[in-house]
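Visitor: Sequence:
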Amino acid sequence: MSVPVIKITLESKELRATLNQLPERLNERARKTGARRALAPFVKELAKLWKASMYRGKNTHRQAIASATQMDVRRTGAGPSAQLRAQIGIRYGAKGGARAKGRQRIYHILESGFRHFGGGSSFYASAPQSLASQRDARRAFVKEKRDAIWKANPGNARQAKQARSSAMYAMYAEARSQFKELAEYTSTKRKAMNAAKGSAKTIRGAFRSYRWARANLEKVMDAMARETLAEAKKLLSKGGKP
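In numbering that gives the first Met the number 0, the protein residues as written are 0 to 241.
Some clues are possibly wrong.
[Claimed, not checked] Restraint ranges, calculated between C-beta atoms of paired labels, are given here: (1) N215 <-> P153: 30 to 40 angstroms; (2) T8 <-> A229: 28 to 38 angstroms; (3) E13 <-> F206: 15 to 25 angstroms; (4) S164 <-> R73: 15 to 25 angstroms; (5) A139 <-> G238: 52 to 62 angstroms.
[Unchecked claim] The calculated lysine-lysine pairs, modelled on DSS-like cross-linking and capped at a C-alpha distance of 30 angstroms, are: (6) K57 <-> K12; (7) K142 <-> K188; (8) K100 <-> K233; (9) K12 <-> K237; (10) K47 <-> K6; (11) K188 <-> K12; (12) K31 <-> K188; (13) K190 <-> K12.
No lab work stands behind these hints, which were simulated from the structure alone. Yeah, the Cβ is synthetic: ideal placement off N, Cα and C, and Gly gets one too.
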């Protein structure tokens, strides 16, 4: 199950002109610092929204989602002049924070408007022991093939990305053919989960993060432009030096 993602691009003539006056490294620094300063209040606001959200589920899950609400600002390519990608969302896994303790992993279910199936549900059960060897063999197979694909098609050029995508698609098809019983099990499990997503499971406040993001788009854009421009002007006032 996936949740909607909103993508926006920041464009400002004044900001671009100011940034162009800075050396590459300071240009990147101004953009990263501006994005982090601008997004910080919105991270807290989204976490606060989840703490107060009503849904069928344990309070510990709601608190975990709030704790795992983070931002991420990084380059999308090589070199300091590459575009930046700034994100706000719920981070899964250990990087979600010690306070979350992995409980945030049901975020996509609650965000989509469906209640948690429960810890004892077969939906969260691992593959049966009879398929354990196939599962481990498939993992090793995918890792070996994926590493080879990346080695054969390195870099972020469009042609390399397309070649990797095509090769990965073929590799997963080969994995399904080679490990048929495991593929059938996961397919059946996925279909059962989809069948369980009826109207009875829908809860009030579905897509709360998505609706909050749409309502705050203009504020986020203004804040990022304002903070980035302020940081760029600050660096320029120092003569373009750190």
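Visitor: Check the structure against each numbered hint from earlier and tell me which ones fail, lowest number first.
Guide: 2, 3, 6, 8, 11, 12 and 13
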